[in-house]
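A.B. asks: Chain by chain, the residues run as shown.
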Amino acid sequence: MSRPKPLVAAIAVATIAATALSACSGSSAKKSNGGSGGGGTGGVFTSIDANNKITAGAPMNPFNAAPNMFLGYNQMQLGFTKNDPSDPNALLPGLAASWTASDAGLTIQLQPGAKWSDGTPVTVADIKTSLAIAYTQGTAGPVASAGGTVVAGSNFEVSDVKDLGGGKIEIDQQPGVKNLYFQRLVLTSTIVSDKVYGGQLPADIWTQIAAVQGTDQAAAGAAATKLAAEGKTIAAFAPAKDVSAGPFVETRVNPGEALLDRNQYFYAASKISPKQVILRSYSGNQQIWGYMNGGELDFAPYTSMPTNILNQVLGAGYTRVDAPSYVSASIAFNEKQAPYNLTPVRQALAYVIDRDAVTKVGEPVGGIAAPTTTGLVGSQSDSILSGDQKAALNPYKVDTAKAASLLQGAGFTKDGSGKWHLPNGQPWTITLQTVNGFSDWIAASTIIANELTQFGIPTTAAITADFATYQKEMAAGKYAVGWWLVALGPQTDKAYARIYGSADGYSVTGGQATHNDAAPTNWEHTPATYTVNGQSIDPGQLAAQLSVTPVSGQAPIVAQLAAATNQELPMIQIWNYTHVVFTLDKRFTNFPKTGQDALLANPPGVWMMQGYVQGK
Amino acid sequence: MAVTANLAPTGIRAGRRRPALTAFRKAVTRKPGRLIGLIIIVFFVLMGICGPWFYGRLAVDPNALYAGPSAKHWLGTDFAGSDVLQEVVTGARYVLATAALSAFFTSLFGVTVGLVAGYQRGLTDSVLMRLTDFVLTIPGLPLLIILSTVWSFGSPWEMGLVLGVTGWGGVARAVRSQALSLRERGFLEAARGLGLSRRHIIFKEMLPNIAPYATMQLMLSMIAFVGAEVGLFFLGLVPFSSTNWGVMLNQAVFSGGAMETPSALIYLLAPLICILLLTLGIVLFLDAIDELFNPRLRERV
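Chain order of the listed sequences is A and B. Sequential numbering of the first sequence, starting at 1, is according to the working numbering. Sequential numbering of the second sequence, starting at 1001, is according to the working numbering.
The shape of chain B in the complex, shown without the other chains (with noise of 0.2 angstroms):
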């Protein structure tokens, strides 16, 4: 008896688990692209957490400037003579964590805005989403470059925020034209009609049914603030990292003469194809979450 109640909830807990991690397996292998993509961004993530662990602090060597490949050196040294390989590797923290962050950021004001204002319709509608169309037509990349005139963006936090704060607007409109199409559902009509309060139905009833949408939405944007991110540092308006990607676009193009001599250009490569592997990762896993979450998708396989 007591057995047989221990095992009960086990048993159902178990089975719920295993269709979502099955669909999501047989999701991911369907292709072999979208499992490279994912082996490609969990590549990237341990990169970002566990990369600077590997290395002490960044070495310099006049003697062994624009070096080339060797065995110490395997992509070869920068403008200080320091190793290109440890910039890239830790590099990728700052990169990531800023592109998590703004993806953060945009999904709670983005997301918060298109459920209520898709929800509640009428005035409070029409007032987000007029603040939406200002936010969107707020140009991005001249803003951080005004903003870094005044702002140091030292921190994946706040450049973080200014590419969250300035970014939700699409997915405010994306997430609100999902959610005008899911308050006429059965399902929200009953809750409606069971008293449950405002908070509880968009928060609870039809934020998991936009979640698997705002999710998509919100890696492609991650595209987006890793070029915007990357481009100011190339612009090279914000705080002098070596170990930042944009930074090291700079010094290769505008110092090393990556355009004109190949002894710069493994530097330029690195963190290049770095950022094409990166966008290439993310597209190459929305195929698999596209499947995932659009039952239509689904059924046809």
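One chain only, chain A, in its complex shape (with noise of 0.2 angstroms):
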């Protein structure tokens, strides 16, 4: 249950990115202005960013592995996500105070009195600067170069950054490449000081980026490169102090906290109400609801949490907030792997699964049960699929009958001593595969590992030491089945791309999908192609169709989706999380509620920079 930070942060970042948006109008750029001006009367804001721990020694520098910047408070965006499913490219402002796109592009019009915390105005160079540096660290291109019209992934691709006076930058997309997410992911991308960085870039730069957006495939390859190993040099480079545009800027870090000071050139500075902010360093979980219990921390990130410790920091004078998040944890299998590759085996495995069991004891706070598996969240798919398709679906009730039924029909056998067989006659049993830390799955592997073996499978729950050991594992076929976080959304491609994308195989080109099951990344090993309702149709293809396809027109194609996701269960959703934050009225006050799920998604700097958190 207590999820310590790898996997909150794993959530986090792949809500964040799968959601982040792109702005497409200026009247989505409309401020929600929740509160009154502060201007650094505040006190201290004390909290954690659970999404970038505090690295004692690391530079900061936002593109560093282990950065001490953070998100909201002294690391800018020109927007922030809003994460709304029916409109992926709704932006909250941030440098940027609007925008609107064209077929060419993008203009911006940056916030009036802009200024970094040195006092220097935000200009054309700084956006140009930060643009080019994208494209070092993989953010942005290469794509689309055999002449293709879209762009499938995250990559954006800027072919020009143009000053129009007044603060209005007009940045354009590479000509002939419709990304639907262009802008959202030119809004999104961290935006630095060109004093600072533009130092560490090469003179030619905007020459390499147009060499690895030309045709010439050899000068391409050359470029990309050249702008990789740059990227080295920016993500090691250790700037001597912070200068921020954010509404703080840091002021010192040691391993206990980091100490950021209201930055008095912010363009909104009058709304933010901290003098200071301090970054709390933390262990784990349980550190995290000591200082709950303390009353020490004025926004708590989410962490997962038994109920006792939810009781306990409500006693405590904390507010729970929930925000959706889109997110659902799945027991996967590697279909490589005898009897996994028989879908009765896998929907046998469904019927005995008591997901809301498993959801009480594994995710008792932040969880609600998986209402069935279709590689969306619930809350999602029942928004997209119409009231017969939702009907169709088989919600997989515990029924262990069926589930025997189900594998006698796959010629298992059960002994005397009621223990299943596989066809072969041997005796079958199953390691389920979790990672150390992540208790929650571990908890919830241990009533699974009961549940199935109860119904005559002999189960038990199997540790990895680390996250990134269990993904190099799992990507090596090493597990038959283990957790898998899935339905990554809002975004229904990125959910789908998740099931049917690098891990299954499959490679996408301008929303064409290409399947190699030799793939090293595929440890799902599906079939390449699903029977559903009588039709035979490629999972691969149609999630790379959703990438190109507005969300105006992916309904049909989620719909299929769904319903072979269903039907085949390469993985069996168990919960969809919630995304459960905690803030304490006692210092401050205007925190997000519930329901205002675009600030939510977003750090508590950016609540501020709308006006929000002023102190008591």
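Just so you know, the hints here were simulated from the structure itself, not pulled from any lab data. There's no promise every hint is true.
What the hints assert, rightly or not - Chain A side only, calculated, beta carbon under 8 angstroms to chain B, not exhaustive:
1) 442
2) 443
3) 461
4) 463
What the hints assert, rightly or not - Restricting the straight-line Cα-Cα distance to at most 20 angstroms, the calculated cross-link-like pairs of lysine to any residue (SDA-like) are:
5) 472(A) with 1061(B)
6) 397(A) with 369(A)
7) 336(A) with 502(A)
8) 478(A) with 1061(B)
9) 232(A) with 336(A)
10) 397(A) with 1061(B)
11) 336(A) with 430(A)
12) 478(A) with 1054(B)
13) 593(A) with 315(A)
14) 419(A) with 1058(B)
15) 472(A) with 1149(B)
16) 472(A) with 1150(B)
17) 478(A) with 1146(B)
18) 478(A) with 1149(B)
19) 397(A) with 1149(B)
20) 478(A) with 460(A)
21) 1072(B) with 1054(B)
22) 472(A) with 1152(B)
23) 232(A) with 264(A)
Claimed, not checked - Selected chain A positions facing chain B (Cβ under 10 angstroms, derived; list incomplete):
24) 286
25) 289
26) 290
27) 304
28) 306
29) 307
30) 368
31) 385
32) 387
33) 454
Heads up, the beta-carbon is just placed ideally off N, CA and C, and yes, glycines get one too.
Combine both chains into one complex, guided by the hints.
C.D. replies: If you want it as structure tokens, here you go:
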């Protein structure tokens, strides 16, 4: 239940990455001003950044692997995600006050008075340098090199950045490339100071970028290699001091905490109430619970917790705030390993596992038992699928008789002691793999193992030392059955790419998927086609198609994928996460509340920019 | 005649046994603490051997997570609604089996190396002692952490072997020092003078004299072995089993919030108290063993 940071971070990053949006119109940049100005009168705001643990000695460089930079406080973007599945292009304003999309790309209007913490204004040079750095970090280009017109995945293609004067900037998309999420990806890029980072880039960086975007394959390859090498230099760069365009600027970092002072030059400094922010380090969830019990944190990030701890922190004066989380925990299979290649086997297991009971134990506070398996979280599939389509889904309610009949139909036998044997007569045992520290998975594994063992399949939970090893070994096909996060939305293409993507041997270019069962990243090994309702479908191709289909046209594709996933069960969804955070109305007030999903998709620094979090 | 012939050897055997048993009984009962120590050890050994017989499969109850003590669950329930008492009792087997196996491997390697090195001296001694020094420099817990990434430690044999193989250095050194002292004694000179084989001298003459000392060393090392194995499970690096004491501690602290709320406190304390009691039992009983095998203490008494 106490799920330490790696998983928290994985979920949060995945959610934000999968959701982040692309602003389409100036209207979407309407500010939601939730409070009056604070102007640094609010004292010290104490919190924890669960996505970015403090690393002693790491540079104040957001491109470093473990940076001492904190999104929304001293790390800025042009805009911030709203996590809206119905409009992936909806954003909260950041350094950009407004923006309009055009065929050429995007025109943004910088915030009037946007300045760095050294007093210099934010200019087009900063935006241009930052977007060039995105190429070196692999978050931009190269794509569509074969003349494709669309971009799948998270990359964007900027071909030029032009100053239109008056704080207006035009950001051009590579001609011929039509990425549905270009604006979102550009606006949620990290913006850094040209004065600090410009010197780290070669003078001909935009020539390299042009080469990467060109049709000359050899030149593009050479330029990509060069950009990647430059990216390593940028990532290792350690600025002497923090120069921030955000509401705070980092004063010092020690192993225990990072201290950030209010940036007096911030464009909306009058809205920022805390004069100082302290972000504490932590070793595990239980340490965060300890801080909360003492009322030390004004905002506590999502930590998986048991009910007794929930009651304890509520008793300490915290308010629980819930927001959607487009992430689901599932049990996944490697179909290269028998008997998990058999659909009736996976279906039988789904009938045996009591998801309600498992969720109660594994994720009692932040989990909702998955109503069924579709590849999407319940709320999302509910909003996309029609009534008939939802009714056609198999909920896989606990039914051990049905499970037994499915297994018998597949040639399995049960011996006198009640244990199941494989069709070849061998006893059937399951090792359910999970990860050290991910204790909601571990606790849930105990219940699943108990249920399966009681059903006649002796099951044990096994733990991998860390998440990196888990992913590596899973990719190497070492686990037959293990935990996996799916439904990483709210973008449906991201959600389905999690199942029918690289982990299943698919690679996508220009909305076209190619399947390679022998791909080194393929550990799922599902068949390349499914027959659903008498129709043969290629789930990888459908998932790729989603990436180039506007939200308004996605429903028919989602319906096919949901039906296929529900029938074939490449994984069994166990619970859908809820993003539960806690605020303390003791030193500060005017926190966002449950229902303000757009704000809650972001860290408190972003709330403050919008006028929230005022000192009492 | 026949009766006499039959009784004589029996009488001799009985006479030989009685002083040892009497001495043991006297040593154990002389101080209440020693008796308590023995009772604790016997209690845990019985728990390890017979405990699981009293229970079936560990049941779970998602509607009674971290429940308090009740008639049904004397020590309450854990994160999955399982009975904590059942977990503690059934978990004793792994802990004790691992400690016993570690002690076996430690004695196998430590006593053999110590005896041979102490008796042979010279090059053999130097080589064996450098090997011992090497083993002593191996950091036990970090090694186990690394090994846990490649080895499952699902069976007490695996854990016992690793703990034993890395833990015999101290015993070897202690046994060697005793062996060096023994080899100069008259009875060994006599044995050598009689032309008895080296193997006979080491294992038939020296070993019985070293055994009591080695036993004490082993009992002390068992305390460390229990700590090491429980620690490894506490860190969460080895297979997950609800009935493992280390896993129970891990779950209580990192999942149940036992340090923050009282509801998971019994779940934390149950395995912790067992570990403390077991350690206490060994320490108290060692006092009796010390007297039993130490002639000076016996004389003083």
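A.B. asks: With the threshold set at 20 angstroms, check whether the alpha-carbon distance from residue 593(A) to residue 315(A) stays at or below it.
C.D. replies: Judged against 20 angstroms, a Cα distance of about 18 angstroms means the pair holds.
A.B. asks: Would you check whether residue 385(A) satisfies its interface hint, that is, whether its CB is within less than 10 angstroms of any CB in chain B?
C.D. replies: violated, 29 angstroms
A.B. asks: Classify the hint on residue 442(A) as holds or violated, based on whether any CB of chain B lies nearer than 8 angstroms to its CB.
C.D. replies: holds, 6 angstroms
A.B. asks: Quick check on the hint: residue 454(A) CB to chain B CB, less than 10 angstroms?
C.D. replies: holds, 8 angstroms
A.B. asks: Within 20 angstroms, alpha carbon to alpha carbon, are residue 472(A) and residue 1061(B)?
C.D. replies: violated, 34 angstroms
A.B. asks: Regarding the pair residue 397(A) and residue 369(A), is the alpha-carbon distance no greater than 20 angstroms?
C.D. replies: The hint holds at about 11 angstroms.
A.B. asks: Holds or violated: are the alpha carbons of residue 397(A) and residue 1149(B) at most 20 angstroms from each other?
C.D. replies: Violated, because 37 angstroms separates the two Cα atoms, which is more than 20 angstroms.
A.B. asks: Between residue 232(A) and residue 336(A), does the CA-CA distance stay at or below 20 angstroms?
C.D. replies: violated, 37 angstroms
A.B. asks: Could you grab the alpha-carbon distance between residue 232(A) and residue 264(A) and see if it respects the 20 angstroms cut-off?
C.D. replies: It is violated: about 32 angstroms lies between the C-alpha atoms, which goes past 20 angstroms.
A.B. asks: Take the C-alpha atoms of residue 478(A) and residue 1054(B), compute the straight-line distance between them, and say whether it is at most 20 angstroms.
C.D. replies: violated, 37 angstroms
A.B. asks: Is residue 397(A) close enough to residue 1061(B), meaning Cα to Cα at most 20 angstroms?
C.D. replies: holds, 19 angstroms
A.B. asks: Once the shortest beta carbon distance from residue 368(A) to chain B is found, is it less than 10 angstroms?
C.D. replies: violated, 15 angstroms
In this structure, the earlier hints numbered 5, 8, 9, 12, 19, 23, 30, 31, 32 are contradicted, and the remaining ones agree with it.
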